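Chains as they are written, first to last, in numbering that gives the first Met the number 0: chain A, 0 to 213; chain B, 0 to 213.
No lab work stands behind these hints: they were computed from the structure. It cannot be assumed that every hint is accurate.
Identical chains share a label here; the pair holds if one copy fits it or two copies do between them.
[Stated by the list, open to error] Cross-link-like lysine to any residue pairs, in silico, SDA-like; alpha carbons within 20 Å at most: (1) K114 x Q126; (2) K114 x H133; (3) K1 x A87; (4) K21 x P186; (5) K1 x Q198; (6) K114 x E125; (7) K127 x E143; (8) K144 x A42; (9) K144 x T62; (10) K21 x E213; (11) K127 x G158; (12) K1 x E196; (13) K1 x K21; (14) K114 x T187; (15) K114 x I61; (16) K21 x N109.
Everything numeric in this text was worked out from a predicted model, so none of it was measured.
This is what each chain is made of:
There are 2 protein chains.
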Amino acid sequence: MKLYTYYRSSASYRVRIALNLKALDYEAAYVHLSRNGGEQFAAAFSSLNPQQLVPVLEEGGITLTQSLAIIEYLDELFPALPLMPATASGRARVRELSLAIACDIHPLNNLRVLKYLSAELGVSAEQKNAWYRHWVGVGLTALEKRLAQDPATGRFCHGDQPSMADCCLVPQIYNAKRFDCDLSALPTVMAIFANCEAQDAFAQAYPERQPDAE
Amino acid sequence: MKLYTYYRSSASYRVRIALNLKALDYEAAYVHLSRNGGEQFAAAFSSLNPQQLVPVLEEGGITLTQSLAIIEYLDELFPALPLMPATASGRARVRELSLAIACDIHPLNNLRVLKYLSAELGVSAEQKNAWYRHWVGVGLTALEKRLAQDPATGRFCHGDQPSMADCCLVPQIYNAKRFDCDLSALPTVMAIFANCEAQDAFAQAYPERQPDAE
């Protein structure tokens, strides 16, 4: 199994956590998103993934992009140490929490979007940071309410075992910290984050611990 | 089953298509995203969905947000007329295609984002339209390559039966047309779009055919 990854890519970070939680070995191929004008734009990688984004997984004869599709695929292929609940309503809840991050927070603050704001719209660094914090704030405030008011929330996003939702939560909080977002009004989210960070599977996936970290 | 929906919401449109493809009856509750300062911000709706977004589905004793989570939940609860393939690799591919739209195109062009660009960053109408067309262009160009080069693509995104991916594709093309995006270099995408539009399940979900359309 081969994972095309970049240490600071939030979506790659999600998949690294999932692979660790499932105790799956993999070969890493490093794609540097800014060096050489962005290695994701090179011809060989572009033909692997026309979206020119990481992560990409090669496994079971297929080449797969999109972190949530990759995590669910791994969970179906290797059912041990499941990242998805056993019930339809549980799976729905984990997907909902994952998508609330993966669709409604992260894409707005992705590298290519921040670049567009600066280069094409000429926004200042201050405005760019305000944009970043705005979408993190809106998204995590809603997530806090959702998690705090639901008895299905446990030590992790869904009960007392890590799931795909935690694979999404931790990289989002890592990013929020990098951009000095205010996380003080998120007690449930941050308690779950702390419980995740205490686990080796999450710690080993940490960006600065990857071989391609700078 | 009750669906909170808005005729022009792309994510609601996805779920309406899915419900029609699966021949499931539902009660619609209309949430007008601009009237009265935005009905999604009202207290009752905010407590239903702290994200203050549509769609929301009430079914099987749970309240669920996020269109892709809703579609997969419906497909698990009601296996007849499936929207997900029978194999793990097929499901992975359908999720990948769906997420390429739901994460990497649509969130950047959502109503709340366009409002922020105008109100907070003071971008002109022309710049806002260029932003819109840029992300649609980048996203659909990659999707075209992905679909065109893969023999798993058929009359629809995955083979010859509509799937969750088509539920995502059609609302995205509807939006792209509203904003006069150039769709001329997307023969595979547009052939699939035409095949979808010819089906009653897609036609009945069309925004202007909804009771809350203006």
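Exercise. Which hint numbers does the structure go against, in order from smallest to largest?
Worked result: The structure breaks hints 4, 5, 7, 10, 11, 12, 14, 15 and 16; every other hint is satisfied.
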